[in-house]
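Q: Top to bottom, those sequences are chains W and G. The opening position of the first sequence corresponds to residue 6 in my numbering, with each subsequent residue numbered one higher. The opening position of the second sequence corresponds to residue 1015 in my numbering, with each subsequent residue numbered one higher.
Source of the hints: derived by calculation from the structure; they are not laboratory data. Where hints are given, some of them may not hold.
[What the hints assert, rightly or not] Taking lysine to any residue and the SDA-like style, the derived pairs with C-alpha atoms no more than 25 Å apart in a straight line are:
#1 G:Lys1053 to W:Gly25
#2 G:Lys1091 to W:Gly20
#3 G:Lys1053 to W:Ile43
#4 G:Lys1262 to G:Trp1138
#5 G:Lys1262 to G:Gly1251
The residues making up each chain are set out below.
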Amino acid sequence: MMKKRIVQLLLAAAGLLCLGVGLAQGGYQTTLAKAVRICMECIGIG
Amino acid sequence: MDKRKKTKRPDFRRKCIQLVSALLYNANLSGFASGTIYKGDLKGVCVPGLNCYSCPGAVASCPLGALQNALSAMPNKLPLYIAGFLLLVGLGLGRIVCGFLCPFGLIQELLYKIPGRKLKKGRWSRRLSWLKYAVLAVFVAAIPLWYAYTAGYPLPGFCKYICPAGTLEGGIPLVALGETYRPLIGWLFTWKTALCAAILLLCVFCYRAFCRFLCPLGAIYSFFCRVALVAVRVDEGKCDGCGLCTRKCLMDVEKVGDRECIQCGLCRHTCPRGAIYFGWERNKKHETETTVSDNAAGAGPAASGGVPEQ
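From just these sequences and the hints, can you work out the full model?
A: Written out as structure tokens, the structure reads:
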């Protein structure tokens, strides 16, 4: 049980760290830039 | 007598949550009339479930599409933003997302309600369920990375060649609503439409066929089945190991809460002893009880059975 708690804490810390660094790197803008244009691959045209 | 056994419509609340989440994901209803997509700032945020960001109604991004797009930006930029998002959602909810927060899951469940003969689960379906991990490795990871490193341009393999949600929610409505895309239709659109139709037809006979055999997002969330904070759990003190929960389950589960469990919680109503419950990791009411994940380590009666064929 203790081991599981540690894994959960590590995953939560890793998730928050990744999200924070990703935001600082411009991950939000990258996602936004892709999502506001129609994805031709997604709709089966491009 | 457990109150839950008296419930006439045990799945009603979950269906409501599925419907509300589908509407929230696709709240840009005017897009369906105009044939255009939402372009607001919310599109930089992902929803937890599979929902194409090129759907006219979509107000946020698809995590799988965003992941492939982020992988395509390598090696210049690591996909940390979306990796962090998936880690946190997976840790918090695991495959509850599949059971409650996925519009394409809801569509499949509604199709399965069409009366007729149904395919029973068995060893064949359990084996086929590994296919989604291959789809994840090849179409979501390898193809975008290959193109990023060799050709230098993005190619979201899963979105382009497989995703039926993109075809159903994005491709078909946009082609039907606007004439811009009609001249561009080619073999790819034909392939994706045929594949989407085949998957939807299969879902009439086979419960959540896409989720069970193909969905890479479900594969990602399944990695968290042992550590998810909120999950369906078994009270080992009450469980007598009858195996009714896994026999009645329509997914390919071997144990309640394993990688194939979409955490719908319907087994709570089939358990004659009321031993199954939804719970947080630190649930005081059940704090002395072991979780399904702990049972999986060996001791629990719920862990004893293989996949019983219906």
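Q: Determine for every hint whether it applies to the structure shown.
A: The hints, checked one at a time:
1. Proximity of Lys1053 of chain G to Gly25 of chain W is assessed by CA-CA distance (about 24 Å); at most 25 Å being required, the pair is judged to hold.
2. A C-alpha spacing of about 17 Å is found between Lys1091 of chain G and Gly20 of chain W, which places the hinted pair at or below 25 Å, so the restraint holds.
3. Between the alpha carbons of Lys1053 of chain G and Ile43 of chain W the distance comes to roughly 10 Å, so the proposed pair stays at or under 25 Å and holds.
4. Restraint check for Lys1262 of chain G and Trp1138 of chain G: satisfied, since their Cα atoms lie roughly 17 Å apart, inside the 25 Å limit.
5. With a C-alpha separation of about 21 Å, the suggested pair Lys1262 of chain G and Gly1251 of chain G falls inside the 25 Å cut-off, and the hint holds.
Every hint, counting from the list given before, is met by this structure.
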